[in-house]
Amino acid sequence: MTERSFLERVRTVPRFPIRLVVAAMLGLFAVSVIGILWTHRVTTESEVIGGMRSILANVSDGTVARSDAFLREIQDDVALTSQLLESGTLEFGPQLEDYFGSVLRNSPNASGIFYGTADGEFLFVNRDDQGGPAGFRTKTISLEDGARIVDLVFRDADFEIQSSAVDPEDTYDPTVRPWYSAAVAAGGDLVITDPYVFYTSQEPGVTTALPVFDLEGDIAGVVGVDVSLSQLSSFLRELRLGPSGTAFIVNRSGEVIALEDQSELRQPDGGGFRLSTIREVSDPLVAQSFNQAIDEALGTEARFFSVKGGPSTDHVFVVPIGVSDWVLGVALSESDFLAEIRQNQLNNTLIISGIAALSLFLAWLLIRNITRPLSELRERAAQIEAGTFERRAPLQTRITELQQTSDAFDHMVIGLKNQQEQDQRLLAAMEERIKERKQSQELKRANQALQQFAYMASHDLRAPIKRMVNLADLAVMDSDGASRELVQPMRESAIRLEELVLGYGRLAGLERGEPQDKCVSTLVQQAQEQSSCGVDIDLRDDAVVTCDPVLITQVLVNLLENASKYGASDDVMIKTADDGAIVTISVSNPVEKTFKVDDSVFAPFRRLVDDDAGSGLGLAIVERIAHLHGGSVTAQCVDDTFTIEFSLAKEGQK
Amino acid sequence: MIFVPQGALIALVDDDDIDRMIISRVIGLSHLDNPVVEYSSGTSFVNQLEQDGDDPSVSLVLMDINMPGMTGLEALEHIRTVCRLPNLPIVVMLTSSEAKNDIERAEELGAHGYLVKETGIELFVARINETFTNQE
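Those protein sequences? They're chains A and B, same order as listed. The first sequence begins at 1 in the working numbering and counts up one residue at a time. The second sequence begins at 1 in the working numbering and counts up one residue at a time.
Some clues are possibly wrong.
[Stated by the list, open to error] Here are some chain B residues the structure puts well away from chain A; computed CB gaps all over 12 Å:
(1) Arg-105
(2) Gly-113
(3) Thr-131
(4) Glu-136
[What the hints assert, rightly or not] If you anchor each label on the Cβ, the simulated ranges turn out as follows:
(5) B:Lys-100 with A:Ile-434: 33 to 41 Å
(6) B:Ser-44 with A:Ile-434: 52 to 60 Å
(7) A:Asp-570 with B:Phe-3: 27 to 35 Å
(8) A:Gly-387 with B:Arg-105: 53 to 61 Å
(9) A:Glu-436 with B:Phe-3: 36 to 44 Å
(10) B:Ser-44 with A:Asp-570: 27 to 35 Å
(11) B:Asp-17 with A:Glu-436: 31 to 39 Å
(12) A:Glu-485 with B:Ser-44: 38 to 46 Å
By construction, these hints were calculated from the structure, which means they are not laboratory data. Small disclaimer: the values here were computed from a predicted structure and weren't measured. By construction, the Cβ of each residue, glycine as well, lies at the ideal position given by its N, Cα and C atoms.
Kindly generate the complete structure, drawing on both the sequences and the hints.
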């Protein structure tokens, strides 16, 4: 118990079941993996989005630069033409028409170039395919003596005249056109008109216009170049923005200047067309993303937007195009860039989930394989603690360390069992030794008692011898020496006898002979033959005793003679009992009257009745011999029956 | 030497008839001039002494130690304690041997001495003469 309480006292460290530990490890593992996946996803997506924005910015820069260059080229044409007219190098007429033709052939972005005077004259050359596959058309409104003449000339790609016509129905007045008034209002600065659908080509475009001043500084006319917006849309188409990405140019009125899909640039309007507004574009990225951002995007610095629309987030970059009030928008869909990454992440998640499930299963197996043998070992240990060494089949486990532990435990159990058996053998040997020592002490006591007995017996035997000697002396005195010759030898014999008795008395007690196996019945028979008394013996049961048969027979002789001498009848009953270790022999005989008996009856020379003619040694001898055989003797008198019971150890008597 | 007044009664207590006869004869053969009264058991002598009361009729008691029934030592103890006679009569224990335990016990109980029953009358008489005297 002390050991146990010590063990309980040292159990102060918190302990956890292995299930909990493994569950905690798995939980930590799961949290780590989820964290890593999440961090990876966030990092990757932010990098991708950063990359997307970088692409957007680069694309925008390039596009803006091209758009600027596109417009600047036109502006240069307009400015050069204006200067040539102001300097008089060019004049209204065929010379100007030729010049316009060369400008168009050298400036592919210009779809038409014209000059309208304050007087209402007008010269316009534009690209036209009626004079051949890629020809030109010239419209001239001239005033001759107040008369207004409108000529139409169609030319081929080499500017050779193919056909001509006069259009007397034409009422075109350049001074009322929007570009004219806008250029006049700008007071010398270059004007770019809002986009509109060209009258002649029905294509959307813008007009770049610049006034031409005369020598007095008055406005002589306005020169302009029509720019077809289809060229800008071609630029945007060349941008590679992925499957969903798109780009567009709008002006601040929300009218679409350029779009990847050029067919959406215009909308039917009456019999002709008008420009599409941004809200009318079918591209979902443009329609949804930009619709939400357009109002605040227009007129600001370049900026990014993230527009959540539908399943994906769109990233939009809007930037003003410097030479105009146009705005370039470039949009990319996250899903174009992230779809594969997300699919990859989904795959990773599925794989990790599978691994986690497998880990759980393996952990369950591990726990099961650990806890079962451990609880089995604990149970066995508890049994051993309770003192049970039950033989059990060795544990079988797949865990090497557990198997080693179990084997070590089994070896320990075998060792304990051997130790226990050895302890038992030692205990038995010790008990045997104690018993031997006890018997040795008993033997010593018995020897002392025997020596005392022998000493006293020798002295009492001397009393009658003394009497014989003294009587012999008196006999000689009384007979005046007449009988001296007869009496003197008798006297000498008596003295010799006394010497003998003294000598025997000095011998220390009785000696036991070699033990023999004898039946009690045999011993009783021998005793009956040796004793002179004629008792009737009733022998109940029989047993084999290992003894000195001479001494035990002497015991029986003494007891039979006592029974004969003091008994109320000659009936004697002898009973034997054998309990395996001790054989008990009891001798009973009836007496006249029940009397009190104690162990003093076994004292030497103790006689029970006054006129006892006995020696007083019979029962003392019985006790002495019983002790010599490792036994004891008791006397009792119950119901008019006197019983002496003596026991003999079956083995180990000394 | 133990003084025994001349003519005073000597009690001889012994269960053995032969021993009583021998000792009476030895006393007769010795210097002592005293009558001897014999008792065959301690019980009978103690009974007589109790009848005598404070004035015991005997001056010297020769008492055998080993007797059946009341032993000599028991009788001595009875005389000294029950009869309250601490000094008189003089009690000398008779013994066949010089058993040390008996002699020491007798002295404790108030015996004046002990007398070994000698082997041989001549030796026995000499022993009596050495032990007792009528002369003051």
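Violations among the numbered hints, reported as their numbers in ascending order: 7, 9 and 11
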